[in-house]
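Peer 1: Residue numbers for the sequence shown follow full-length UniProt numbering, so the first one is 1 and each next one is one higher.
Don't read these hints as lab results, they were simulated from the structure.
There's no promise every hint is true.
Each computed BS3-like pair below joins lysine-lysine, with the alpha-carbon atoms no more than 30 Å apart [unchecked claim]:
hint: 1; residue 1: K176; residue 2: K302
hint: 2; residue 1: K302; residue 2: K286
hint: 3; residue 1: K290; residue 2: K245
Okay, the calculated beta carbon distance ranges per label pair [unchecked claim]:
hint: 4; residue 1: M310; residue 2: S411; range: 48 to 58 Å
hint: 5; residue 1: F426; residue 2: P45; range: 33 to 43 Å
hint: 6; residue 1: S43; residue 2: V154; range: 30 to 40 Å
Cβ atoms here follow ideal geometry from the backbone N, Cα and C, with glycine treated the same way.
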Amino acid sequence: MDQNETIDKNVTSSNNEKNFDTQNSFQKTCAKTENKKPIETVSIPSLFRYATTLDIIYMLIGTTGGIGNGATFAVLLFLIGNLLNSFTARSTDICTLNFTALAIQYCPPGYQLVASNYFSSSFICHFNQTTFDFQGAIQNQILYVVIIGCICLVLSYIQVTFWSMAAERQTKAIRKTIFQSILRKEIAYFDIHKAGELNTKLTDNVDKIRDGIGDILGFIKGWKLTLVMSSISPLLFISVALFSKLASRLTAMELKAYGKAGAIAEEVFSSIRTVLSYNGQEREEKRYEKHLDEAKKYGIEKGAIGGILMGIMWFFILCSYALGFWYGAKLIRDEGYNIGDVCSVFFLIVDATINLLLVGVHFEAFNQARAAAYIVWKIIDAPSKINSDSETDLKKDDLIGDICFSNVHFSYPSRPDVKILNGISFDVRRGQTIALVGSSGSGKSTCVQ
1 MDQNETIDKN
11 VTSSNNEKNF
21 DTQNSFQKTC
31 AKTENKKPIE
41 TVSIPSLFRY
51 ATTLDIIYML
61 IGTTGGIGNG
71 ATFAVLLFLI
81 GNLLNSFTAR
91 STDICTLNFT
101 ALAIQYCPPG
111 YQLVASNYFS
121 SSFICHFNQT
131 TFDFQGAIQN
141 QILYVVIIGC
151 ICLVLSYIQV
161 TFWSMAAERQ
171 TKAIRKTIFQ
181 SILRKEIAYF
191 DIHKAGELNT
201 KLTDNVDKIR
211 DGIGDILGFI
221 KGWKLTLVMS
231 SISPLLFISV
241 ALFSKLASRL
251 TAMELKAYGK
261 AGAIAEEVFS
271 SIRTVLSYNG
281 QEREEKRYEK
291 HLDEAKKYGI
301 EKGAIGGILM
311 GIMWFFILCS
321 YALGFWYGAK
331 LIRDEGYNIG
341 DVCSVFFLIV
351 DATINLLLVG
361 VHFEAFNQAR
371 AAAYIVWKII
381 DAPSKINSDS
391 ETDLKKDDLI
401 GDICFSNVHF
411 SYPSRPDVKI
421 LNGISFDVRR
431 GQTIALVGSS
441 GSGKSTCVQ
């Protein structure tokens, strides 16, 4: 027992009830301060700070696939319009055909060609590979549609797969880095920053990217109808922007309230014996429910505002549909537009309008990722006072000596008025084993660190 001494370290501190009150008042002060601050985000390049060269290549390939996917989908609608033109043109032209002349030129001798058997006589009369080969023309256009559809499928797979691979690789690097960073932090850091409030989840999936080529092809096929249907776009843009802004703000406040509730739950479960000893179940339950009610309030507000704005957006969209049908019929009647061209323009604008709706959702997710990255980067970049991996600090592997504490005073930053170490003094000789004895929160781990 010569080399094993027990040092009973008496530390002056407030009782647990006062500690709870001090923490509550500190959390309330922080909450009031945080509510006044705007939501901070990182820049777009900073969001991809852990992207390697391979990740950048993956993202470029995925972006290229997304652009190609949007373009081919617009071309697909273009071909469907041509297909409709073929049907309507044949049904109109058949009334003006000279069936007797066609029968003499293409059909077997004595074959009677009339309007009722014109389409079924395509192979008998050898209309194939001629301007009268309706079936062949339709088959060619259907083949083009199938080819474009297969290309869309491949490009969609490339788009989603490569973006997902890049996102997963970067998320893995971020989680590994932040875990290493947290392990290097000093104890005082965790006294201020509650683990339950650290938002370490960064968006690991990148949503689809669509290019607005549908608008471009719409102007090529029918600029008048495109302009008329696009006249409601400014109102739709305003609705989407307003919805995205309000939803982002309310979502951030809702998540912050849930984070505080989670921190309280973690604090109570980690000190459940102390809570039960002081009969503080109801008190802690009220603290927890307070933040849940706050999150519920923000969730209800977000749902109500989102429902109203979504209804307004769909009102504008359906108005553009009605306007498109009305003006499209007018162009067919007065200016000789083809039905297929009108349908192509209509569906291209419809596709572009739906993408505008999705823009708000994508921007909201992107802004949430930037806000989450700000918190994560702040944790990673926070300097540690005990970073053992630092290459610039003094290191000596063969250090041999004694440890001496002489009248040491210490307080945590979050509770400067509470003395954790109050004039403690002791010596630890080389090769000696000691034990530090004290109540929870008295500074035993602080002395070791």
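Peer 1: Does each hint fit the structure? Answer for all of them.
Peer 2: Against the structure, the hints:
{"no.": "1", "hint": "K176 with K302", "in the structure": "violated, 34 Å"}
{"no.": "2", "hint": "K302 with K286", "in the structure": "holds, 24 Å"}
{"no.": "3", "hint": "K290 with K245", "in the structure": "holds, 26 Å"}
{"no.": "4", "hint": "M310 with S411: 48 to 58 Å", "in the structure": "holds, 52 Å"}
{"no.": "5", "hint": "F426 with P45: 33 to 43 Å", "in the structure": "violated, 52 Å"}
{"no.": "6", "hint": "S43 with V154: 30 to 40 Å", "in the structure": "holds, 34 Å"}
Taken one by one, the earlier hints fail for this structure at numbers 1, 5, listed in ascending order.
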